[in-house]
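Visitor: One-letter residues, chain by chain:
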Amino acid sequence: MLNFLTTFYANILLGQIPMADAFRSDGKIYVVLAIMLILLIGLFYYLFRLDRKIKDLENRK
Amino acid sequence: MNYLLRTNWWKWLSAILLVYVFIGGLLFPVPRLPILNETVRVLHFHVPMWFGMIFLYTGSVIHAIKYLSNGQMKTDLFSTQLAAVGTFFGIMGMVTGMFWATFTWGEPWSSDPKQNASAIALLIYFAYFVLRGSVKDEQQRARLSAVYNIFAFAALIPLLFILPRLTDSLHPGNGGNPGFNTYDLDSNLRLVFYPAVIGWTLVGFWIATLKIRLSLLTDDLDA
Chain X
46 MLNFLTTFYA NILLGQIPMA DAFRSDGKIY VVLAIMLILL IGLFYYLFRL DRKIKDLENR
106 K
Chain L
3 MNYLLRTNWW KWLSAILLVY VFIGGLLFPV PRLPILNETV RVLHFHVPMW FGMIFLYTGS
63 VIHAIKYLSN GQMKTDLFST QLAAVGTFFG IMGMVTGMFW ATFTWGEPWS SDPKQNASAI
123 ALLIYFAYFV LRGSVKDEQQ RARLSAVYNI FAFAALIPLL FILPRLTDSL HPGNGGNPGF
183 NTYDLDSNLR LVFYPAVIGW TLVGFWIATL KIRLSLLTDD LDA
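These protein sequences, in sequence, are chains X and L.
For the first sequence, the working numbering begins at 46 and goes up steadily by one.
For the second sequence, the working numbering begins at 3 and goes up steadily by one.
Don't read these hints as lab results, they were simulated from the structure.
Remember, it's a predicted structure, so these values are computed and weren't measured experimentally.
Incorrect hints may have been included.
[What the hints assert, rightly or not] Incomplete in silico selection of chain L near chain X, CB under 7 Å:
1) 30
2) 31
3) 39
4) 43
5) 124
6) 215
7) 219
Note that the Cβ used here is the ideal one computed from N, Cα and C, for glycine as well.
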């Protein structure tokens, strides 16, 4: 346990934690982001449409 | 709750916040942590599901108590639909957590105390809906499930906040692990995390209002 913790913090100090830096510099992260945004905005479009439909039904009553 | 049924501004706010969360969540710098690496960004999606669940369940229990005092079916409807969306958020939190755990803890289910406790909490709320389905009379169903709701909510406190902190746990902030605070006291995680909690919670309440309005229109109390 102690050995694990020591290497754990040592790694952080040495800055040797692998991250997706290459992915970012390739610009591929923007592809991921664009896809996620398409999904998110599509979802919100659906929610707003549903909201309006229900409002119309309520007003008609 | 009636305020949420009458107004719209907070829906636009939730949309703006979540677009910001998606962009910032992926592009802002994050602490370089072993084991987690880039998946720490999942923080802004997995954890707000649980926060949202708690807020929704809180709304649900408030209306359960309100129903017991005013006996109006509309209040019971609010209570039920808030519990339904809360349970959905809980399931989403569970599934995203298991997926995240597969890659970081090595397996989807580690019998981590918080995993077990949140599974139990969800089962208790599943039983709430089974209970509702089993009672035919409207008023009796509403009264019975309102009381059950209060006990279910009360169970959340020890299950989710006390038990996991008492023993060894894999979750940050529990069982001797440092909370995420020690990783990011001056970092950028909070810049995205707080808006994420607000944004996802608002979406949860929005879905609840839609379900409520729909069932008020169709007079079907279990829309």
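Visitor: Take the hints in turn and mark each one as holding or not.
Guide: Results for each hint:
1. Because the closest C-beta pair between residue 30 (chain L) and chain X is about 11 Å apart, greater than 7 Å, the hint is violated.
2. Violation of the interface hint for residue 31 (chain L) is found here, the shortest Cβ-Cβ separation to chain X being roughly 9 Å, above the 7 Å cut-off.
3. The closest approach between the C-beta of residue 39 (chain L) and any C-beta of chain X is roughly 6 Å, which is under the 7 Å cut-off, so the hint is satisfied.
4. Among the interface hints, the one on residue 43 (chain L) is violated; its C-beta lies about 10 Å from the nearest C-beta in chain X, farther than the 7 Å criterion.
5. The beta carbon of residue 124 (chain L) is not positioned within 7 Å of any beta carbon in chain X (closest approach about 23 Å), and the interface hint is therefore violated.
6. The beta carbon of residue 215 (chain L) is positioned within 7 Å of a beta carbon in chain X (closest approach about 5 Å), and the interface hint is therefore held.
7. Taken as an interface hint, residue 219 (chain L) checks out: its beta carbon lies about 5 Å from the nearest beta carbon of chain X, inside 7 Å.
Going through the hint list in order, the structure does not satisfy hints 1, 2, 4 and 5.
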